[in-house]
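Residue numbers (my numbering), protein chains in the order written: chain A, 1 to 315; chain B, 1 to 315.
Treat the hints as calculated values from the structure; they're not laboratory data. Check before you lean on any hint, since a few could be wrong.
Copies of the same chain look alike in the list, so a pair counts if it fits in one copy or across any two.
Simulated pairs of lysine-lysine, DSS-like, Cα-Cα distance not exceeding 25 Å [unchecked claim]:
1. Lys-122 to Lys-5
2. Lys-122 to Lys-217
3. Lys-217 to Lys-162
4. Lys-126 to Lys-217
5. Lys-101 to Lys-113
6. Lys-89 to Lys-217
7. Lys-162 to Lys-235
8. Lys-161 to Lys-217
9. Lys-217 to Lys-5
10. Lys-226 to Lys-101
11. Lys-5 to Lys-305
12. Lys-126 to Lys-261
13. Lys-5 to Lys-312
14. Lys-235 to Lys-122
15. Lys-101 to Lys-60
16. Lys-57 to Lys-101
17. Lys-4 to Lys-305
Residues per chain, in single letters:
Number of protein chains: 2
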Amino acid sequence: MFPKKIIELLQIQYPIIQAGMIWCSGWELASAVSNAGGLGVIGSGSMYPHILREHIKKCKANTSKPFAVNVPLLYPDIDSHIQTIIEEKVPIVITSAGNPKAYTQLLKENGCKVIHVVSNVKFAIKCQEAGVDAIVAEGFEAGGHNGREETTTLCLIPLVKKHINIPLIAAGGIATGRAMLSMFALGADAVQIGSRFVASIESSAHQNFKNSVVDAKEGDTVLTLKEITPVRLIKNKFYNDLAATYNRSASKQELIELLGKGRAKKGMFEGNTDEGELEIGQVSSNIDNILPASQIIEEIIDEYKSSLMEIKQWD
Amino acid sequence: MFPKKIIELLQIQYPIIQAGMIWCSGWELASAVSNAGGLGVIGSGSMYPHILREHIKKCKANTSKPFAVNVPLLYPDIDSHIQTIIEEKVPIVITSAGNPKAYTQLLKENGCKVIHVVSNVKFAIKCQEAGVDAIVAEGFEAGGHNGREETTTLCLIPLVKKHINIPLIAAGGIATGRAMLSMFALGADAVQIGSRFVASIESSAHQNFKNSVVDAKEGDTVLTLKEITPVRLIKNKFYNDLAATYNRSASKQELIELLGKGRAKKGMFEGNTDEGELEIGQVSSNIDNILPASQIIEEIIDEYKSSLMEIKQWD
């Protein structure tokens, strides 16, 4: 009852990829998602190399199912991360924030399946040329990896689908079974889900951040920092400071200085919801509780099945 | 093979509502859409009262099927428009940009079905309280009536659906049969389609504007003018002037002065694509030709049927 391409490629039960969110996606979340039939993903962007190795080892110890590591290619010690991934025989790698040509061949030669994250058609085409196995196309709604074009998931998926023929994973704005079905109707082969898993028991996000996600209402997130790296944030004190800086037409340098170092860690991992950067998707407005990852997947699949049944019954 | 609520309420063949776009939606487009099985809509926001009456009369002369008039409630001579609609026994009225309580009762007493356009949950609830027959919920992607919250269609439809139980029409980012099916998967009862019909033979948009819609690529539109009335524009010379004005932290008054009078008419109706305001949805990036309205509807229905068939065949 699902599109086949991604579940066959990755050997998973459900076409649900957990996003590799910094500060939230350690081995606890990744192994829980994989055990529940999705693809669990370790987010290496917030890990030192030795920490990544520890998470991979613990993930392998806690699930026998496929899992992945997400690697932002602008990570300062990227070669070390790639080396660790190869040595630990991670079956699937999701690369992002960089040139898909850089590591795809090396990873594939070492037996990894490679998926790259894009937010526009231009990079989707580059990915296909680079020989990646699949693409994640991420819309304006998402908590990160957003494009400067502001193309929403509903507009992005058909555009990307028009230009590539490798398997396509839709991301941004997806947290429910109905949203998953809507993406399959558009032609996606699987979905990537981030925000819903931030608000899971196994997420390593600070409890304060999880609570902020549950509390977020319509209009409480905003896509910002396009001059540096576009990201969607909850409108907290830090965001208000940022908005004030924009309002006086500040330079990119001033924005970088205000951002400083460790803002995301402060907010998402240490729980300082005033001064920290709280990266989350717009769909947080539709997330009302913190559940175990397995229950999240079960609820998504149940809703998917019932909405699919509804559509099948139209005569 | 469609959700039933809207097609039964409005007595139309297909759950496709043509948006009542200013300068584009006269009687030619409205009657063509209604004759092809959708709901044709006259956009009264760019019409003097006597012009609206003429369009209604011509629409009635050219179709025996139901049609509607869209009325922005902030229209300066609104009472005159409402009076014309009642006198001409227009069967369906789509109100927008104002309080749904203002005219709903009067219109319903005079035999009209009333639909109101919203972009957030707060107004959706107000609409239901005001007794409207259905709601159009319009996302960030749309060419107009956008919310300041920037909620995309994919995030907005589930949120609105959670809070109301009257029929729900999804709008913003929809131009194809697959996108229509994706909205039904989310729980919408029909779709409203604007941009795709701007680029139709029967649209009264200037040929230059139609060509701009066909030429628009990813990232070529932007949601702006939130301080006045949020609207999505093609990035042309006028938009660049606007962006420069924003960049120097101009006041709302300066923006109003730059906008001036008649910018939309100049761009969309007179075809001055440099100095005019070109209002269009983000989905223009996925529109590649100018076709008769009947053929647009036929293509949407064909793609819808084939993608529905695809989904029904998953075992």
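Requested in this report: Would you list, in rising numerical order, the hints stated earlier that this structure does not obey?
Outcome: 6, 9, 12, 15 and 16
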